[in-house]
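There are 2 protein chains.
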Amino acid sequence: MEPFRVHILGCGSALPTLRHFPSMQVVECRGKLFMVDCGEGAQLQMRRSGLSFTRVGHIFISHLHGDHCLGLIGMISTFGLLGRTAPLHIYAPAPLGPMLESQMQLFCADLSYEVAFHPVDTTVHQVVYEDRSLTVWSLPLDHRVPCSGYLFREKPTCPHIRPDMLEAYHIPVSQINNIKAGLDYVMPDGTVIPHQHLTTPADPPRSYAYCSDTRYMPSLAGLLQGVDLLYHEATYASDRLEMAANYYHSTASQAAAVARDAGVRQLVIGHFSSRYNQEEVLLNEALTVFPNTSLAREMAVFDV
Amino acid sequence: MEPFRVHILGCGSALPTLRHFPSMQVVECRGKLFMVDCGEGAQLQMRRSGLSFTRVGHIFISHLHGDHCLGLIGMISTFGLLGRTAPLHIYAPAPLGPMLESQMQLFCADLSYEVAFHPVDTTVHQVVYEDRSLTVWSLPLDHRVPCSGYLFREKPTCPHIRPDMLEAYHIPVSQINNIKAGLDYVMPDGTVIPHQHLTTPADPPRSYAYCSDTRYMPSLAGLLQGVDLLYHEATYASDRLEMAANYYHSTASQAAAVARDAGVRQLVIGHFSSRYNQEEVLLNEALTVFPNTSLAREMAVFDV
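Chains as they are written, first to last, in the numbering used here: chain A, 1 to 304; chain B, 305 to 608.
By construction, these hints were calculated from the structure, which means they are not laboratory data.
One or more hints might be untrue.
Once the Cα atoms are required to be at most 25 Å apart in a straight line, the calculated SDA-like pairs of lysine to any residue come out as [claimed, not checked]:
1. 32/A - 321/B
2. 32/A - 322/B
3. 32/A - 319/B
4. 155/A - 182/A
5. 336/B - 319/B
6. 459/B - 430/B
7. 336/B - 410/B
8. 155/A - 17/A
9. 459/B - 484/B
10. 336/B - 18/A
11. 336/B - 182/A
12. 155/A - 226/A
13. 32/A - 182/A
14. 484/B - 448/B
15. 32/A - 167/A
Note that the coordinates shown come from a computational prediction; the quantities given were computed from them, not determined experimentally.
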């Protein structure tokens, strides 16, 4: 299968610590790199990850708190220094557009490439990006400021042709796409070979959901049914339940409840408050609700 | 003597590397912390240095290239999260003022303290900050955009009183400030004790100059005569002399020539191009021109 994985570049929250960078990650899907949130230090973490700056074509920003987007102007500037020519597409709540515009005027004179800004309506669940193999959906979240998660869904693919059958029936290569598309094969003597005999089923489309930052939203589980990998913020443990609600964040148990109710395959928790020196308390809490949970950490890579 | 030292938080240049952070440092003088340039990752490096965020009252920005100022809005935001109430003073080329204003509106709603912006005229050498014991001067530099270095000069202090003499002549404590200020002491029997007998000379005022980024400016040496510690950019080695001139940067030899011609006590070079994996080539080149040269590195502390 084509690689579809998530590279965690930062999974801390707003206050700086020596354990974490602020929120940023890269979704790698079929050779393309999609950045999701872009906290301060993004260009450094990109360098550390060894991921190619050039392959980043699209950056999705969840909301306009500094720990989720202050690294953006540095990335834009560095792309320019690296001689980028391909357009860069940025998806974010609307007020970031004019801010980026004036930052670029001040800090990135004569940029060698186009920056295309796409405002995201954080109140609706809709497609914000689409290509041949992938759609990215907005996910309305419940935070202090307008905030959207992002749901990456592979499009359905064709079944796999069986090489042994091609050989057995002497099927010409020119017929492969027809068979994959669902046409039966008719042999020169008129015998019809059903296409199901010539193929193995398509890989099931995979999906990844990024949900940071948000209050506990039981309704999210509806939008996330059957998602393979869910990254959900878990800023606090349950001893700070009230604080989580007041600051529009989630506890580890709440993140795990969303994963459980959505029936996701795997949960990764992140956006840890700086108050937790030992994040195992968050992990252990989530594990009691949803067993297949991992802690995010910088440079970790999760397969979707 | 009161501490007067420079903490290097970052000494790389614009392109991200795993060896360096971009330009940023903290000048510690008599209990106050002055930040000089504030590249991306400043709040993280502040945390790493163990320096107190609260004690930073003034930030000086040399010019509006991203690698010298993109960490500023993150610092301002984090000061707010930490509950700061003391005003923060920022000294920088004028166009940063409105940019900061709109960034703060977007990212730092309800800031708990005042940010006072002081535009710096980068074309003149003049006092931009002054307190009881220190003046900070602008230093016009020759870069692609308006750019000012900063010269920190201690004010002259009083001579030190000699405790042994206080005791020998039974001088009351109330007379100490008069004697330090240069008055002779008159004993009850009318004998005059010259103040020079009662004191040891004042510590000589110390000075630190920060010069980044600039083309080689032989005239700088005039402004820097006798400076104790000079930080001068040395982006390239002499094999890139032409590139240095084209990009308005200096070579290590040129930095050392400024130090030599100004008769400074110690030179620290920094703002290294990402092309140099081994910065010893820059150090060795500078050493042939000015022997008391050191390489800057993150978390290094230099006494002035």
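Hints and how they fare:
1. 32/A - 321/B: Satisfied, since the Cα-Cα distance of roughly 23 Å is no more than 25 Å.
2. 32/A - 322/B: At roughly 24 Å apart (the allowed maximum being 25 Å), residue 322/B and residue 32/A satisfy the hint.
3. 32/A - 319/B: Between residue 32/A and residue 319/B the Cα gap is close to 23 Å, so the pair holds against 25 Å.
4. 155/A - 182/A: Within the cut-off at roughly 17 Å; holds.
5. 336/B - 319/B: violated (31 Å)
6. 459/B - 430/B: holds (15 Å)
7. 336/B - 410/B: violated (30 Å)
8. 155/A - 17/A: violated (39 Å)
9. 459/B - 484/B: Holds. Residue 459/B to residue 484/B sits at ~15 Å (cutoff 25 Å).
10. 336/B - 18/A: This hinted pair holds, its Cα atoms lying about 24 Å apart.
11. 336/B - 182/A: violated (75 Å)
12. 155/A - 226/A: It holds: about 15 Å lies between the C-alpha atoms, which stays within 25 Å.
13. 32/A - 182/A: violated (28 Å)
14. 484/B - 448/B: Not satisfied, since the Cα-Cα distance of roughly 48 Å exceeds 25 Å.
15. 32/A - 167/A: violated (34 Å)
Hints 5, 7, 8, 11, 13, 14, 15, counting from the list given before, are not met by this structure.
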